[in-house]
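Number of protein chains: 2
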Amino acid sequence: MNQDYIKPDNWSIIEEGFDAERVKSSESLFSIGNGAMGQRADFEEHYSGDTFQGSYIAGVYYPDKTRVGWWKNGYPEYFAKVLNAPNWIGIDVTLNNEQLDLFTCKKVENFRRELNMKEGWLSRSFTVTLQNNNEIQVKAKRFLSLDLDEVGAIEYSLTPLNSDADLVITPYIDAGITNEDSNWDDKFWNISNLSIENNQAFIEAQTMKTNFHTCTFMQSDCFVNNQNIGLKPQVIKTDNKISFIYKVSINRQETFTLQKFGGYTVDRNHDKSNLVSVAKQVLKIATDKGFNQLLEEQKLAWAAIWESSDITIDGDVKAQQGIRFNIFQLNQTYLGKDSRLNIGPKGFTGEKYGGSTYWDTEAYCIPFYMATKDEKVARSLLEYRYNHLDKAIENAEKLGFKNGAALYPMVTMNGEECHNEWEITFEEIHRNGAIAFAIFNYYRYTGDYSYIPEKGLEVLIGIARFWQQRATFSADKNQYVILGVTGPNEYENNVNNNWYTNYLAKWCLDYTLEQIEKIEKEYTSDFSRIIKKVKLTDEELKLWKTVADNMYFPFSEKQQVYLQQDGFLDKELISVADLPKAERPINQKWSWDRILRSPYIKQADVLQGFYFFEDQFSDKELERHFDFYEPFTVHESSLSPCVHSIQAAKLDRMEQAYTFYLRTSRLDLDDYNHEVHEGLHITSMAGTWMSIVEGFGGMRIKDSKLSFTPKIPKQWKGYSFKVNFRNQIIKVDISQKQTSFELLSGDKLEIFVNDKSIILNNKKSITIS
Amino acid sequence: MNQDYIKPDNWSIIEEGFDAERVKSSESLFSIGNGAMGQRADFEEHYSGDTFQGSYIAGVYYPDKTRVGWWKNGYPEYFAKVLNAPNWIGIDVTLNNEQLDLFTCKKVENFRRELNMKEGWLSRSFTVTLQNNNEIQVKAKRFLSLDLDEVGAIEYSLTPLNSDADLVITPYIDAGITNEDSNWDDKFWNISNLSIENNQAFIEAQTMKTNFHTCTFMQSDCFVNNQNIGLKPQVIKTDNKISFIYKVSINRQETFTLQKFGGYTVDRNHDKSNLVSVAKQVLKIATDKGFNQLLEEQKLAWAAIWESSDITIDGDVKAQQGIRFNIFQLNQTYLGKDSRLNIGPKGFTGEKYGGSTYWDTEAYCIPFYMATKDEKVARSLLEYRYNHLDKAIENAEKLGFKNGAALYPMVTMNGEECHNEWEITFEEIHRNGAIAFAIFNYYRYTGDYSYIPEKGLEVLIGIARFWQQRATFSADKNQYVILGVTGPNEYENNVNNNWYTNYLAKWCLDYTLEQIEKIEKEYTSDFSRIIKKVKLTDEELKLWKTVADNMYFPFSEKQQVYLQQDGFLDKELISVADLPKAERPINQKWSWDRILRSPYIKQADVLQGFYFFEDQFSDKELERHFDFYEPFTVHESSLSPCVHSIQAAKLDRMEQAYTFYLRTSRLDLDDYNHEVHEGLHITSMAGTWMSIVEGFGGMRIKDSKLSFTPKIPKQWKGYSFKVNFRNQIIKVDISQKQTSFELLSGDKLEIFVNDKSIILNNKKSITIS
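Protein sequences, first through last, are from chains A and B. So for the first sequence, our numbering puts the first residue at 1; every next one is plus one. So for the second sequence, our numbering puts the first residue at 1; every next one is plus one.
A few of these clues could be false.
For lysine-lysine, the following DSS-like pairs were computed, each having C-alpha atoms within a straight-line distance of at most 27 Å [what the hints assert, rightly or not]: (1) B/391 <-> A/589; (2) A/65 <-> B/72; (3) B/711 <-> B/763; (4) B/477 <-> A/558; (5) B/141 <-> A/581; (6) A/398 <-> B/589; (7) B/232 <-> B/141; (8) A/398 <-> B/581; (9) B/398 <-> A/589; (10) A/402 <-> B/589; (11) B/737 <-> B/748.
Computed footprint of chain A on chain B; a stretch qualifies when at least three of its residues, placed anywhere within it, have a C-beta under 8 Å from a C-beta of chain A [what the hints assert, rightly or not]: (12) 357-368; (13) 481-493.
Calculated from the structure, these hints are not laboratory results. Note that beta-carbon positions come from the ideal geometry of N, C-alpha and C, so glycine has one too.
Input sequences plus hints: build the corresponding full structure.
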């Protein structure tokens with residue numbers, strides 16, 4: 001555990017005391033977002049210490065020219081970067097001619113920062129003594145409106161404590177920003193227009209290359225002791241910045257307050273010629289409501305989110321705080337309103353990795369969104385891939401595939417690949433399987449088959465074509481093999497016959513063949529539309545079946561386990577427990593070749609297959625594989641502990657399940673990986689949710705019915721969670737002694753608990769001991 | 001074949017006619033060097049078209065900070081770059097106020113460029129019509145002295161043809177140069193002093209980081225119609241450049257000539273405080289001799305080189321030109337005078353690849369230098385690695401090896417690794433074996449065992465320790481395996497049990513054990529010195545033997561061939577002949593993953609092992625492996641055709657051997673790979689030499705005796721070569737009918753021809769039909 005400054009609290013993330021060393025970590029942890037935009041918890045006032053300034057607009061990116069040591073054919077020319085957007089939160093302050101700067105002041109006392117997850121706002125308060133010995137109390141609160149998602153609001157108050165004060169308060173918007181992550185230190189923004197109207201300012205700027213048009217705006221109003229003093233600002237306009245300068249003299253103990261509203265309008269949502277006028281409308285709506293009403297509405301909006309997604313944990317405040325932090329951040333990142341968006345691995349909290357969409361979405365995030373939101377949200381995530389199908393086909397063509405074979409990118413922003421390590425970009429192709437699996441999983445959970453004939457089947461066909469072409473017939477084995485891949489365990493590169501990949505490939509082919517058969521029978525008009533479009537032939541289907549039926553799976557007769565890949569048993573099989581502590585984490589201590597030839601596993605690989613397809617294996621098989629592979633697993637991916645936690649729980653190993661749960665739930669809050677300053681691990685947060693609901697709660701869908709096998713770690717008194725299953729909300733409450741189920745919305749629902757049928761009726765709780 | 005503008009000629013490389021498109025290619029092809037410095041054939045006068053300006057000082061490099069997309073532990077922090085040095089050849093010209101520039105002039109006629117390989121000089125002549133309609137004839141000749149290797153000389157003549165002319169001739173030295181190849185566009189040179197004395201100029205500059213001190217110097221003298229006119233220049237000095245401006249008016253048909261001497265003195269060879277005074281001494285010696293005498297001495301020096309290394313080919317001018325070009329360039333690059341230097345893959349002709357020493361030196365170049373020069377040269381190349389042993393041990397330690405295990409870098413300048421692709425840097429470890437093999441090969445050829453007890457054994461022990469630690473005991477196979485390697489065929493990465501690597505590892509262990517045993521008995525004082533230094537134990541030796549005796553070799557019972565690596569037979573085994581032409585070369589047409597999972601072989605891999613260790617395999621085995629692997633070999637490395645040519649000749653397939661020979665001998669002259677503008681393929685040129693001497697001539701060492709099995713391609717009337725064997729020079733002359741052997745120096749030598757013993761006596765020729 002690397003930090004312990006976050007105070008345990010059921011509903012808030014709280015930091016007390018100022019420490020310049022923690023600024024960048026806290027900027028990540030206290031980030032706020034509303035699905036449409038987000039920002040690190042940067043200070044409003046100038047800060048000259050080490051800071052990572054980041055403000056991000058969903059879907060606005062920059063295709064940075066790829067930089068590599070040695071170019072390989074097939075690398076994407078550009079790499080979509082998450083793009084730092086113009087700053088609208090800035091408020092510079094001077095007091096009796098000295099700048100307020102927490103890095104250079106004499107003293108900071110009573111520093112307190114709170115991210116209130118229940119209500120969706122960030123606050124900061126402190127008392128500062130400047131070098132000129134003036135003391136001033138500062139309180140700041142800000143939030144990004146969930147309802148009006150183009151606007152945010154800040155209330156920033158200053159109270160001089162020991163002297164009267166000449167204050168200069170300078171709210172500004174600034175498009176002269178740079179990216180923390182940039183390959184060639186290019187300029188990313190072109191600024192086209194700066195305009196001012198009364199106490200409103202607007203900067204229109206376009207991204208270079210992608211040409212996203214944006215308008216960054218602000219309005220500010222001044223209050224003394226809560227009275228609007230109607231102060232008019234002096235305006236300073238430079239090439240890329242508009243500042244409003246307010247000068248005011250107040251007595252000591254009086255409070256000056258600046259209310260600032262700001263945000264972005266973007267041509268992703270509006271005509272590009274209207275961005276300023278839309279910004280004015282948005283500002284009007286927001287300021288008509290005013291800061292307080294907007295905040296009240298914010299509380300209501302977050303209450304609605306918690307209503308269907310909260311998890312409570314009784315008897316363990318840190319665990320409670322951890323799971324709510326995960327649920328909160330997922331909702332800050334993605335709300336499912338826009339099918340062009342997805343769940344970036346760092347959300348709006350940093351820039352690392354570039355791109356926004358990994359297979360994390362399908363493998364880890366969709367279950368969370370399916371169970372906590374309307375099914376449209378998950379469907380929207382599926383549609384995202386449907387909308388990128390043509391690009392996935394193009395991508396596969398670049399790599400030599402034909403006839404509509406689709407390879408989805410390892411990471412993308414707009415459907416184009418933006419990753420450039422050959423062993424990942426070209427070889428970590430199992431991602432294609434997760435996209436097919438998500439289609440299956442969506443239908444299994446929601447019962448909404450319509451997506452498949454309407455859109456999903458085309459995706460499945462593209463993916464099936466890829467797998468058939470990517471498999472190689474080995475004359476030597478008289479079976480189909482898949483050569484040169486990287487599995488989910490990225491500590492192996494360019495291996496042959498990664499079992500997980502081969503299994504997924506076969507499953508994709510079989511599943512697609514089944515769907516084609518069903519749609520041919522049951523959705524004839526969809527069928528003929530699709531067949532006409534994709535030009536599928538019977539020969540092709542036969543070939544798919546041949547490949548699926550004759551897929552090779554590496555297996556050890558002696559160990560009775562499927563092998564992660566060919567040759568796995570040649571490794572020196574020393575378990576992780578026997579590795580010296582000083583050599584961990586191996587990704588920081590070992591050279592890459594040593595990692596590659598070791599047996600150590602970064603995250604679930606064979607076991608990921610057992611997770612996806614658990615019905616196809618017996619518990620004995622699961623146990624054998626878990627016992628074989630987990631001891632070699634170093635869990636150096638944020639996505640690793642959750643799958644193992646779920647499987648340990650299934651195997652009734654609750655101690656182990658709980659240990660894994662702890663690693664996933666407070667990964668960022670406790671900064672296990674020493675990197676939280678770069679941003680949060682958003683997608684793995686969905687894995688934490690799965691650990692509780694699927695792991696401890698044992699939630700599954702069996703024959704279209706919800707099913708549970710409730711368990712509880714001995715460290716907890718109880719826990720509860722809610723899931724939305726086919727538009728009915730069920731609350732599950734598990735204590736050491738008993739489990740209660742309550743149908744919060746909906747009339748009646750049959751569920752299975754430990755394989756026994758139970759009928760739930762509206763608002764009536766059923767308890768099982 | 002991609003270009004045919006080089007005129008066939010027995011002794012010269014000749015270009016006729018000016019084509020701006022060919023400028024960069026010709027700059028490479030006409031490069032000159034003298035082992036201590038070298039330069040591309042850039043024009044002396046200003047040229048505003050596309051050009052690649054390069055001038056290089058042997059051993060002066062810059063550690064450029066590594067740039068990669070994704071950092072891997074173990075990557076070197078710096079990457080030694082071949083460093084473009086200050087320009088001393090520049091001579092700007094204006095004629096009646098118009099600048100002489102072949103790119104902007106009205107017309108260029110009678111353009112002719114010649115690289116005279118027999119005498120070691122470069123010339124250029126042309127008639128140019130300027131935009132002002134003045135016609136002028138230009139003749140330039142330059143060379144880098146072999147004897148005085150810090151100096152070069154230029155004679156640059158101008159003859160106005162159709163009008164009298166006001167000429168301004170501006171010779172200069174310029175340290176304001178940049179690198180073509182640079183990771184971060186850093187500045188590489190710090191200029192410390194510019195000084196002028198009479199008609200001499202000096203710029204002292206140091207490389208950043210490595211702090212090599214250099215002095216770039218020039219002297220110039222003016223002649224009209226061959227009379228020194230004693231003209232004094234006007235001097236212009238900027239921050240990084242000194243120019244001498246000569247203004248002279250001459251009549252039409254008169255000839256103005258500038259003689260310019262220039263070069264570098266470097267603190268690798270002199271005290272850094274004396275560089276200017278040494279430069280003055282060098283200039284004095286050179287100018288006392290004068291241009292013409294220096295050129296005469298140049299001819300003699302090259303004659304001496306050709307005396308022991310020439311190859312003649314009768315009846316095929318292009319082949320003759322090709323082989324001499326190769327021998328010439330190898331000698332321009334490395335002459336064996338300085339054991340801190342090595343044979344860079346691009347010599348002094350370009351910057352690509354960085355570093356200077358690959359395993360090419362041991363695998364391809366040492367045989368050439370052993371057979372064409374005094375044995376000290378080859379020994380010097382071995383000592384280069386001995387001198388880097390401590391760095392190789394450090395390098396291995398960085399990757400987790402212990403106890404004095406040595407891993408030589410993939411490419412280096414000073415012993416430190418400067419390559420950064422994990423699949424090469426960390427995995428192409430067979431390079432270590434080639435370094436051991438060269439020690440064996442040196443002793444086999446020269447009979448000089450003294451190197452092994454004096455220095456070689458320590459290198460062998462470091463290498464043996466590496467192999468023992470790098471092998472993994474496979475409980476599954478009950479044998480030692482070597483996991484995660486890249487073999488010579490770089491179209492496979494991270495494979496298990498590359499047969500060549502495993503074989504070489506076993507051989508290194510066995511050979512080192514034998515040498516230890518021999519030295520323990522025969523060189524007792526060396527033995528105790530070494531054992532004390534390296535702390536070798538009996539347990540360690542036992543472990544080496546266990547690993548060597550139990551090494552695993554992938555083998556196909558069905559095909560009766562060793563497999564290139566585990567799983568090779570799973571590939572889709574379509575031969576290269578059946579690949580569509582449009583898909584070749586695959587390294588330009590296919591994505592990397594497709595190459596990796598294909599069976600296609602970049603250069604000899606299993607067959608490289610059969611080449612090194614041919615005595616350990618029968619001809620039948622060679623034939624079987626050649627027939628199995630060659631059909632999958634795309635020969636997309638410049639190092640590939642030579643080994644195959646030698647083996648085809650051995651198998652009596654002279655047509656095929658000749659085809660391979662053609663590909664290697666004119667690789668650069670005919671620009672097979674469309675990249676000659678980046679520089680020449682120096683190290684593969686030694687392979688061309690091997691194709692003739694070892695391939696067609698069948699030269700081998702058997703039981704310490706020279707042995708030949710002479711063959712001749714039917715396309716040739718005859719060919720001859722000379723080899724220096726243990727200080728005796730033998731000339732071998734092979735025609736379609738007979739072979740003659742003559743001992744040019746030395747008293748008496750027993751050789752074997754087609755396994756029959758023949759005694760050669762001094763100057764007497766023996767002919768065998």
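Evaluated hints:
Between the alpha carbons of residue 391 of chain B and residue 589 of chain A the distance comes to roughly 20 Å, so the proposed pair stays at or under 27 Å and holds. Distance hint between residue 65 of chain A and residue 72 of chain B is fulfilled; the C-alpha atoms sit about 21 Å from each other, no more than 27 Å. Simply put, residue 711 of chain B and residue 763 of chain B have alpha-carbon atoms about 23 Å apart, close enough for the 27 Å limit, and the pair holds. A threshold of 27 Å between alpha carbons decides the hint, and for residue 477 of chain B with residue 558 of chain A the separation of about 13 Å falls inside it, so the pair holds.
Taken as a hint, the residue 141 of chain B and residue 581 of chain A pair is broken in the structure, with Cα atoms around 67 Å apart against an allowance of 27 Å. Taking the CA atoms of residue 398 of chain A and residue 589 of chain B, the gap is about 10 Å. The hint holds against a cut of 27 Å. With a C-alpha separation of about 23 Å, the suggested pairing of residue 232 of chain B with residue 141 of chain B holds against the 27 Å cut-off. Using a Cα cut-off of 27 Å, the hinted pair residue 398 of chain A and residue 581 of chain B holds, with the two alpha carbons roughly 18 Å apart.
Under the criterion of a C-alpha separation no larger than 27 Å, the hint pairing residue 398 of chain B with residue 589 of chain A is consistent with the structure, at around 10 Å. Between residue 402 of chain A and residue 589 of chain B the alpha-carbon distance is near 15 Å, which keeps this suggested pair within the 27 Å criterion. Under the criterion of a C-alpha separation no larger than 27 Å, the hint pairing residue 737 of chain B with residue 748 of chain B is consistent with the structure, at around 25 Å. Check on the stretch 357-368 of chain B: 0 of its residues sit with their Cβ under 8 Å from a Cβ of chain A, so the three-residue criterion for coverage is violated.
With 4 residues having a Cβ less than 8 Å from any Cβ of chain A, the stretch 481-493 of chain B passes the three-residue criterion, so the hint holds.
Hint compliance for this structure: hints 5, 12 are broken, all remaining hints hold.
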